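Q: Sequence:
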Amino acid sequence: MNTFVSTSRKRSVALVFAGDGSHRPLLESVLFQITINKNVATKTKPFVDITNMSILGEEEKEILLSMGIIFKIESVEQLVENGIVWQVNLILTESVLDNEIEILFNYFKTNSTTSISNISTLGVLLAQMGDYKKAEKYYQMMLDKLPIDHCGVPIILNNMGILYYEMHDDEKALEYYKKSYESYKMQNVSENDLLFGNLYHNIASLYHENNDNEKALKYLRKASKICQNNSTLPSVLLCATLYTDMSGIYEDDEKFDEALYMLQRTLEIQLRVLPSTHFRIAATYHNIGGIYLCKGDYKIALENFETALDIGLKSLPSDHETIQTYYEHIQLAKERIK
1 MNTFVSTSRK
11 RSVALVFAGD
21 GSHRPLLESV
31 LFQITINKNV
41 ATKTKPFVDI
51 TNMSILGEEE
61 KEILLSMGII
71 FKIESVEQLV
81 ENGIVWQVNL
91 ILTESVLDNE
101 IEILFNYFKT
111 NSTTSISNIS
121 TLGVLLAQMG
131 DYKKAEKYYQ
141 MMLDKLPIDH
151 CGVPIILNNM
161 GILYYEMHDD
171 EKALEYYKKS
181 YESYKMQNVS
191 ENDLLFGNLY
201 HNIASLYHEN
211 NDNEKALKYL
221 RKASKICQNN
231 STLPSVLLCA
241 TLYTDMSGIY
251 EDDEKFDEAL
261 YMLQRTLEIQ
271 LRVLPSTHFR
281 IAATYHNIGG
291 IYLCKGDYKI
301 ALENFETALD
311 IGLKSLPSDH
321 ETIQTYYEHI
331 QLAKERIK
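So the sequence shown is numbered by UniProt numbering: it starts at 1 and just counts up by one.
Worth flagging that the hints you see were computed from the coordinates, not collected in a lab.
Remember, predicted model here, so these are calculated numbers, not experimental data.
For glycine and all other residues, C-beta sits at the position ideal for the given N, C-alpha and C.
EDC-like mimics (lysine to aspartate or glutamate), calculated; alpha carbons at most 20 Å apart, straight line:
no., residue 1, residue 2
1, 255, 209
2, 255, 297
3, 295, 258
4, 133, 169
5, 295, 257
6, 218, 258
7, 218, 251
8, 215, 169
9, 10, 59
10, 225, 191
Okay, the calculated beta carbon distance ranges per label pair:
no., residue 1, residue 2, range
11, 232, 172, 28 to 34 Å
12, 186, 334, 54 to 60 Å
13, 51, 193, 34 to 40 Å
14, 169, 296, 37 to 43 Å
Please build the complete structure, drawing on both the sequences and the hints.
A: Below you can see the structure in the form of structure tokens.
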């Protein structure tokens, strides 16, 4: 594998992420069952248990596999219980692991078949693990070594903006977002490229965090315009996120009809491209319920909260904090109806 891979010790959780086969024949739902020999694992340490860092915690038991692992495909079969999900059985035969940042960077730099997204993977992982200083050091090292016209430079600059945003250094975050924009322009990247869409979304998030809703909406609209001209799945999913973010701003401004309209657009996309039990669909129904609650339409709010709970229970552990929130809001809506 040429990147880090998130896995779970729980088969039921992995099946949720595998999907339900609804996008066949263009896309297949695949479950990878991985067997790692204890002796090999002890010698090479090819994975790390990040349960404590996972959103789902003990209910997911998330294991992160390192890059450089070589698996042997033992068999491929269709799952008997549903017939719409493939299971690929893998066994670990060999791994080449090295934790030195310098060696990883040199490998990525010299491997012409490796994309820039993989070059920045380690920095992203370090940031997600909360090791911001190491992530910053890694990104800076890449910027120092890559030529200024390298296609990866603006992506790294954008990632540094995200890093500083997560470190609550908004001034530096905006500085690097602007540098990323200038680098894209210098390299003649099309204004309709999804790279700009992601960048505008990041800038919008920063302005929203600082209660500058006018500027936040401006950049969300710029990003959504790009997404609407791009039919790829990442673009469509980004569009759904943008509409949700717009809804949040309209709700802040007590423009509930506009907020509801945006959430309905989000839901339309999610129902089209995501599995019917996806937790994001549950979240959108919950958000819609929240808007109706603000509007005083308590019965409709209750219906949406109950739909959110029904879907959520199929995709999240019953004791997950999100599920508890759904229960609380159902109770609140019932009390308001009385």
